[in-house]
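Enquirer: Here's the letter readout for the chains.
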Amino acid sequence: MEFILHHRALIRQVCAAWSFTFVMWMTSMPAPAQAGTASEDALRAAMLLNMTRFIEWPTRKLDVDHGQTVLCILGADPIGPSVDRIVQSQADGGKPVQVRHLASLDAAAGCHVLYVSLGERKHVERSLPALVDAGVLTVGESSNSNTPAQLIGLPLVDDHIHIEVNLPQAQRAGFTISSKLLRLATVYH
Amino acid sequence: MRLASLRLLSISFPLAAFLMMQAGGAAAQQGADALASASLEDLTQISVDVSSFARKDQDLWKTPAAAFVITQEDIAHSAASSIPELLRMVPGMQVAQVDAGTWAISARGFNSVYADRLLVLIDGRTLYSEIYSGVHWDEVDLPLDLVERIEIIRGPGAAVWGANAVNGIVNIITKKPRSAIGTQVSSTVSRVNDQVALTYGAPLGDRLQFRASANFVDRRPLETADGALAFDGEDTLRGGGRIDWQRTWADTLSLSGDMYKGHLRQNVLREIAVPVGPNGEDTGSIAGGFLNGRWEHKTGETSSAVAVYFDDQSRYEINDDDRTRTADVDYEAHRAAGERNDLVWGGEYRFTADHISGPVLLTTAPEYRHFLVDGFLQDDLTLVRDRLILTLGSKLEEGSLAGFQVQPSARLLWAPDARQSIWGAVSRAVVAPALQERAIVVPLNVGTVDGLPETATITGSASFKPESVKAFEAGYRRRFRKGLSLDLAGFYNRNNRLTAIAVSQYTIVPTPEPHVTISLPYVNGFDAHSFGMEALLSWKVRPGLSFRISETCEAAHTFQRLPGSVYIVDSFSTPRNNVFGSASWEFRPKWSADAFINHLGAISTPPVLATGVSLQAGDYAPAYTRLDLHVSHAIGHGFDLTAGGTNLLTPRHIEFFDGTDLIYPNYIPRSLFLRARWSF
Numbered sequence: 001m002e003f004i005l006h007h008r009a010l011i012r013q014v015c016a017a018w019s020f021t022f023v024m025w026m027t028s029m030p031a032p033a034q035a036g037t038a039s040e041d042a043l044r045a046a047m048l049l050n051m052t053r054f055i056e057w058p059t060r061k062l063d064v065d066h067g068q069t070v071l072c073i074l075g076a077d078p079i080g081p082s083v084d085r086i087v088q089s090q091a092d093g094g095k096p097v098q099v100r101h102l103a104s105l106d107a108a109a110g111c112h113v114l115y116v117s118l119g120e121r122k123h124v125e126r127s128l129p130a131l132v133d134a135g136v137l138t139v140g141e142s143s144n145s146n147t148p149a150q151l152i153g154l155p156l157v158d159d160h161i162h163i164e165v166n167l168p169q170a171q172r173a174g175f176t177i178s179s180k181l182l183r184l185a186t187v188y189h
Numbered sequence: 001m002r003l004a005s006l007r008l009l010s011i012s013f014p015l016a017a018f019l020m021m022q023a024g025g026a027a028a029q030q031g032a033d034a035l036a037s038a039s040l041e042d043l044t045q046i047s048v049d050v051s052s053f054a055r056k057d058q059d060l061w062k063t064p065a066a067a068f069v070i071t072q073e074d075i076a077h078s079a080a081s082s083i084p085e086l087l088r089m090v091p092g093m094q095v096a097q098v099d100a101g102t103w104a105i106s107a108r109g110f111n112s113v114y115a116d117r118l119l120v121l122i123d124g125r126t127l128y129s130e131i132y133s134g135v136h137w138d139e140v141d142l143p144l145d146l147v148e149r150i151e152i153i154r155g156p157g158a159a160v161w162g163a164n165a166v167n168g169i170v171n172i173i174t175k176k177p178r179s180a181i182g183t184q185v186s187s188t189v190s191r192v193n194d195q196v197a198l199t200y201g202a203p204l205g206d207r208l209q210f211r212a213s214a215n216f217v218d219r220r221p222l223e224t225a226d227g228a229l230a231f232d233g234e235d236t237l238r239g240g241g242r243i244d245w246q247r248t249w250a251d252t253l254s255l256s257g258d259m260y261k262g263h264l265r266q267n268v269l270r271e272i273a274v275p276v277g278p279n280g281e282d283t284g285s286i287a288g289g290f291l292n293g294r295w296e297h298k299t300g301e302t303s304s305a306v307a308v309y310f311d312d313q314s315r316y317e318i319n320d321d322d323r324t325r326t327a328d329v330d331y332e333a334h335r336a337a338g339e340r341n342d343l344v345w346g347g348e349y350r351f352t353a354d355h356i357s358g359p360v361l362l363t364t365a366p367e368y369r370h371f372l373v374d375g376f377l378q379d380d381l382t383l384v385r386d387r388l389i390l391t392l393g394s395k396l397e398e399g400s401l402a403g404f405q406v407q408p409s410a411r412l413l414w415a416p417d418a419r420q421s422i423w424g425a426v427s428r429a430v431v432a433p434a435l436q437e438r439a440i441v442v443p444l445n446v447g448t449v450d451g452l453p454e455t456a457t458i459t460g461s462a463s464f465k466p467e468s469v470k471a472f473e474a475g476y477r478r479r480f481r482k483g484l485s486l487d488l489a490g491f492y493n494r495n496n497r498l499t500a501i502a503v504s505q506y507t508i509v510p511t512p513e514p515h516v517t518i519s520l521p522y523v524n525g526f527d528a529h530s531f532g533m534e535a536l537l538s539w540k541v542r543p544g545l546s547f548r549i550s551e552t553c554e555a556a557h558t559f560q561r562l563p564g565s566v567y568i569v570d571s572f573s574t575p576r577n578n579v580f581g582s583a584s585w586e587f588r589p590k591w592s593a594d595a596f597i598n599h600l601g602a603i604s605t606p607p608v609l610a611t612g613v614s615l616q617a618g619d620y621a622p623a624y625t626r627l628d629l630h631v632s633h634a635i636g637h638g639f640d641l642t643a644g645g646t647n648l649l650t651p652r653h654i655e656f657f658d659g660t661d662l663i664y665p666n667y668i669p670r671s672l673f674l675r676a677r678w679s680f
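Residue numbers (my numbering), protein chains in the order written: chain L, 1 to 189; chain D, 1 to 680.
Keep in mind that a hint or two might mislead.
As a list, the in silico DSSO-like pairs of lysine-lysine whose alpha-carbon atoms are at most 27 Å apart [claimed, not checked]:
{"hint": "1", "chain 1": "D", "residue 1": "Lys482", "chain 2": "L", "residue 2": "Lys180"}
{"hint": "2", "chain 1": "D", "residue 1": "Lys261", "chain 2": "D", "residue 2": "Lys176"}
{"hint": "3", "chain 1": "D", "residue 1": "Lys465", "chain 2": "D", "residue 2": "Lys590"}
{"hint": "4", "chain 1": "D", "residue 1": "Lys590", "chain 2": "D", "residue 2": "Lys540"}
{"hint": "5", "chain 1": "L", "residue 1": "Lys122", "chain 2": "D", "residue 2": "Lys482"}
{"hint": "6", "chain 1": "D", "residue 1": "Lys298", "chain 2": "D", "residue 2": "Lys175"}
{"hint": "7", "chain 1": "D", "residue 1": "Lys298", "chain 2": "D", "residue 2": "Lys470"}
{"hint": "8", "chain 1": "D", "residue 1": "Lys56", "chain 2": "L", "residue 2": "Lys180"}
{"hint": "9", "chain 1": "D", "residue 1": "Lys56", "chain 2": "D", "residue 2": "Lys470"}
{"hint": "10", "chain 1": "D", "residue 1": "Lys175", "chain 2": "L", "residue 2": "Lys122"}
{"hint": "11", "chain 1": "D", "residue 1": "Lys298", "chain 2": "D", "residue 2": "Lys56"}
{"hint": "12", "chain 1": "D", "residue 1": "Lys176", "chain 2": "L", "residue 2": "Lys122"}
Everything labelled a hint here was simulated from the structure, so no lab data went into it.
Please take these sequences and the hints and turn them into a complete structure.
Expert: This is how it looks when you write it as structure tokens:
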């Protein structure tokens, strides 16, 4: 009893905190179901592949020479194995995707998507605008605010991967980006 | 005590009952196939595994422990320029600056400059000083640009992390070189410290990257009670680097290392009978470095890692030169076994050599070599898929400091749906006695008795037993709609064999001059029951606008376990109340404003003063409120400017005093700061 008297203030606070929780919980509304969790690399790989469905390339990238969507990964990036695994597991439906692992930018103009590893970002920053003009969708792990020359950024913010689109530059180069994607993305104007 | 816990339980039971009525869709760990077929919208909703509580990547929201992560975004929005200052934003953490280069940091109580219940790791390397039994936070002055994230667990993590992970773990993870490509220069100028940091990262080949960094910090003197400049201060220079090589897709080899050197000034307890300057003015230095090699092998569902490090720390203070050299080999592995079991296991061997020298040896063991061998196994057993997970594990260790120890833990997590989880845990953890408790010798001049000078000596004892804790914890997390989330945790810890000082009979010694001596040996003199609750409510209103409110209240009840005059050293020394609120607002493109307000209750000083050490007026830490405000502007071309102030409400305040530390506390002044950061 003496203890309770002694710790009256504390007990009052504990009660207040729990009641606060309770009220919070009572007033909370049912929320939409949450998708689970995944490793960062696997998630980014899945987003990269998924995104290609919402992009229309400039017409010069849609001719007979470009029967497949060529997805290039520049440099050693941990998403590489995940991309390979997903491409192998989805042989059917949609335009076939071919994955190329590039060590340099020499052959990058032939890609539809160029994923630039963080380690290579600084190397290639100057070449990005020319590649974009050649109809290559440039995607990077860092935010567009760090790499303004890329078309799409997939940065990790808190514990989710965000999509960022540099829309004016994409439109100038002749890309059409579906509104479905833009709705999910942060659009840079 | 019992009544109070009953009350707490009676409060929490109705809540639990309500929660049990809740049910909904469950979340899942997504495999490659599931990810391939998921919609883009679903993909943007999936969260990334960021918690390494159990030494494997897992979802923070499915961690059966009180966990918090400081992200790079948090760092960018904080006024802090050092790691100890960053920890103020962690719910349930007690951060108190003692002098320019000294902090007392702990979670769940028993705070002190030598707080021995918090395990601090940088990239898996322990920073715990086995001489002092605590962490020297001035040796953790990494440039914040290098920090990837800091994961904080409150409560025991000894089942996988080992001794001293009793009341919490601070796991500092630095950036991989691939995430630090480019050059960054940052500089802070303020009343309390000046700092310049430079980091540079570049690829060396297709699969090889490196980063290098240098950091200089000058911590200016704090203030005395009347506003005059205090004697303290510290400057350190640090340089380091890391190379990562992705040998194959699955294997990464990394080698990192750094070196530092610094000078410190501090006020030590005036009664200490070691030649220092007037008013306990003491000048010292620190130096050290490490080399850390790590090989990680990661395939889809399994991972393993081997790490080897060598670490050398020297500290010269109070005319005493302490050096600790550590060599450590560590192995850990993670693999799913069948559908229901997810195993983590590992082992470690550590050898430490302590060397102490100086004109007045403050120890009876100037050369002390010790070893530690340990192994751990932990299993996440899925009882109901994605809903109910039982985590069982233990660490077994044998070593010179703590002897043979079993530190098991059992945790149960129930996720009624993907938006909420409830967990409970029971664990045991021990504090390995440091050299301080075993072999310290600190002579004190403590005044006069009957006209004769009186001296006392604090002595360590070889029979000192490890302090141990049985911890009972429970927690609840919930994500509401619209970015609102709640994280609650409560604990009840039974702490045994706390450090205390026994006061023996006075002895009159006739030579060389007649004086009175008292022996003050370290004993396991007290037990304590500590309990409390930590709550965090965070609200991300929209990108660019967020709020956090946190309340921690905690207390302890101590019981003397030895008869006679015994005075506690490991006192609770933590305010009963710690409330903070923070807000971050991007009010215009490229402009943001941040505020942090923190109120801490008073720290009551324990009666340790039988040694005769005289407390002066103001020698305690009263309640205080701290307000930090700043505005940041991204000027362009990678140039960011931040201006603001810390401790804006009062001219100065004292944050810590518990009467058992050798370091004398100073007052933290109001400070304005200007920070510039340029990355290119």
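Enquirer: Which earlier hints turn out false for this structure, listed by number in ascending order?
Expert: Violated hints (numbers, rising): 3, 5, 7 and 8; every other hint is consistent with the structure.
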